[in-house]
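Undergrad: Throw the hints in and build the complete structure from the sequences for me.
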Amino acid sequence: MSTANQAGASHRIGVQLLLLLLIILFCVFPFYWMVTTSLKTQVLALESPPVWVFEPTFANYTEVLGKDGVGKTLINSLIVAVSTTVLAVLLGCPAAYALARFEFRGKKDLWFWFITNRMVSPIVLALPFFLIVRQIGLLDTHLVLILIYLTFNLPIVIWICTDQFRAVPFDLNEAAMLEGASQWRIFRSICLPLAMPSVAVSAIFSFIFSWNELMYALVLTRNEAKTAPAMAVSFMEGYNLPYGKIMATSTLIVIPVVVFALIASKHLVRGLTMGAVK
Amino acid sequence: MSATTRRPTIIAFLGPSVLTLIIIGIGPLLYAVWTSLHYFNLTKLKQVEFIGVENYATVLSDSAFWDAMGRTFLLLGISLPIQIALGLCIALLLHQPGLTFLKTITRLSLVLPMATTYAVVGLLGQVMFNLNYGVVNQLFGFLGFDPINWLGDTTNAFITIIFWDIWQWTPFVTLVLLAGLTTVPSEIEEAAKLETKRWTTILRYIQLPYLLPALTAVLILRTADTLKLFDMVFTLTRGGPGASTELISLLIQRVGFRAFDQGLASAQAIILLLVTIVLSQLYIRLLYKEVR
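So the protein lines, in turn, are chains L and R. Using my numbering, you'd call the opening residue of the first sequence number 1 and step up by one each time. Using my numbering, you'd call the opening residue of the second sequence number 279 and step up by one each time.
Since the hints were derived computationally from the structure, they do not count as laboratory data. Treat the hints with care, since some could be wrong.
[What the hints assert, rightly or not] Example chain R residues on the side facing chain L (calculated, C-beta under 8 Å, incomplete):
(1) 303
(2) 306
(3) 332
(4) 373
(5) 376
(6) 380
(7) 382
(8) 383
(9) 531
(10) 534
(11) 535
(12) 560
(13) 562
No residue lacks a Cβ here, since even glycine has one placed at the ideal position from N, Cα and C.
TA: Okay, structure coming up:
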């Protein structure tokens with residue numbers, strides 16, 4: 001009886017093991033393929049059927065970073081993503097504090113507005129934004145992307161941080177108020193330091209979303225402020241596609257995001273559902 | 279707590295971000311409403327004129343618009359059930375005891391597809407599903423199939439889009455459902471496991487009630503995200519061949535920026551926005567009970 005049970009148990013563990021490995025393979029394989037293709041020469045990349053074992057070369061990387069100017073677009077992406085994240089955190093934290101601590105009319109409508117921002121398709125704003133920006137001559141500047149990315153970053157930051165500020169014990173507020181501290185002082189010196197982990201998580205989200213964004217970048221930039229994803233897309237024009245170079249650029253784009261996402265992996269669900277599922 | 283907070287204080291805390299969002303969010307939106315009521319073509323800017331709701335009438339009777347909407351919901355209708363089924367199975371697997379280390383690795387690798395830049399997913403799709411050089415056809419070849427023209431055929435291109443949507447978002451569904459599973463009180467789950475050995479019974483009567491919020495969130499967010507879906511499809515197929523993978527966001531982008539008819543595109547976008555607002559309402563009503 002007990003041996004049968006043990007056999008059953010180890011059999012079940014075996015099935016589990018197999019399934020888990022399958023899932024990992026399914027998730028990781030496209031990555032593996034992206035990285036290996038980026039290490040192939042163009043001739044090798046166009047081999048039919050594809051080759052699995054080959055002499056890797058970094059030629060694609062040196063070429064895209066040097067001659068093709070992908071380096072500059074990566075820097076553009078970095079400038080835009082960091083600036084919009086800093087702005088979103090600076091503007092969003094006080095707002096989150098207000099939503100967590102103050103009672104006022106229209107609070108529900110404000111929440112609803114933020115949620116709607118999470119859902120709205122970027123194309124809805126891309127159309128008018130393009131026309132306005134074109135009128136005032138700001139097309140193809142970092143500023144435009146930094147501002148429009150706030151439309152999705154600010155709600156995310158406010159959302160995640162509000163949750164955290166709520167978790168800070170209210171006793172601390174009351175004690176500080178008895179001491180005569182202003183709300184700003186309480187926010188700066190007591191609540192913000194305690195909410196720092198969440199602020200960091202929301203900053204990571206804001207960075208990832210901005211870094212990954214393509215549509216606004218495609219519509220609102222041309223050369224000067226072109227971001228890395230928009231650059232990767234522009235390789236797709238023409239007949240003979242430079243697969244190695246496209247995959248090298250893709251790898252360069254994806255690696256920082258993956259690192260950040262792994263750091264924040266515990267909070268991914270909370271961030272993507274705006275706190276509805278913890 | 280609240281009665282003592284003065285109005286100026288609230289405005290000082292909330293004002294800057296609300297003002298920013300009004301300027302960059304609401305302002306352009308109002309402009310889009312204005313554009314949608316005009317004949318507004320980027321190549322004929324001299325001829326901008328007020329035409330009332332004519333653009334809306336055109337959109338609502340335009341088969342291209344409804345076809346794109348139909349394709350968007352077809353994609354959702356096919357890939358979401360698969361994502362939920364797969365996601366639930368994987369979540370239940372990860373929820374089982376044992377093999378802790380390997381499960382941690384699995385959870386981390388689930389993060390990879392979600393984090394991948396959407397545009398890169400499309401580019402990767404082009405490389406992997408290429409007719410001649412693609413690894414997918416090579417793998418199919420090992421199984422004895424002839425090479426399949428994935429991206430050049432209308433049906434196959436749509437299947438390719440479905441595949442990548444499933445690859446990228448099943449992990450999201452999995453992690454949301456896994457978060458839901460952990461809300462089941464362990465005493466109840468343990469007690470149920472003593473009563474029955476059938477996991478379907480436990481799922482149906484014990485776990486499902488706790489999974490409902492997670493499922494609702496998945497349903498509404500995946501709907502909204504599919505309506506938003508642009509980057510991956512744009513880099514993979516540009517909506518083609520023909521219009522076979524032209525989802526709603528791609529249609530609006532094409533009308534606005536490649537056919538230059540900003541008026542019509544704005545009308546389409548406003549209609550899309552109205553759908554989105556309804557979805558957001560649902561999301562809040564069903565999931566944020568403490569707010570309402």
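Undergrad: Now, for every hint given, state plainly whether the structure supports it.
TA: Results of checking the hints against the structure:
no.	hint	in the structure
1	303	holds (5 Å)
2	306	holds (4 Å)
3	332	violated (17 Å)
4	373	violated (11 Å)
5	376	holds (6 Å)
6	380	holds (5 Å)
7	382	violated (10 Å)
8	383	holds (6 Å)
9	531	holds (6 Å)
10	534	holds (5 Å)
11	535	holds (6 Å)
12	560	violated (10 Å)
13	562	holds (6 Å)
Hint check: violations occur at hints 3, 4, 7, 12; the rest are consistent with the structure.
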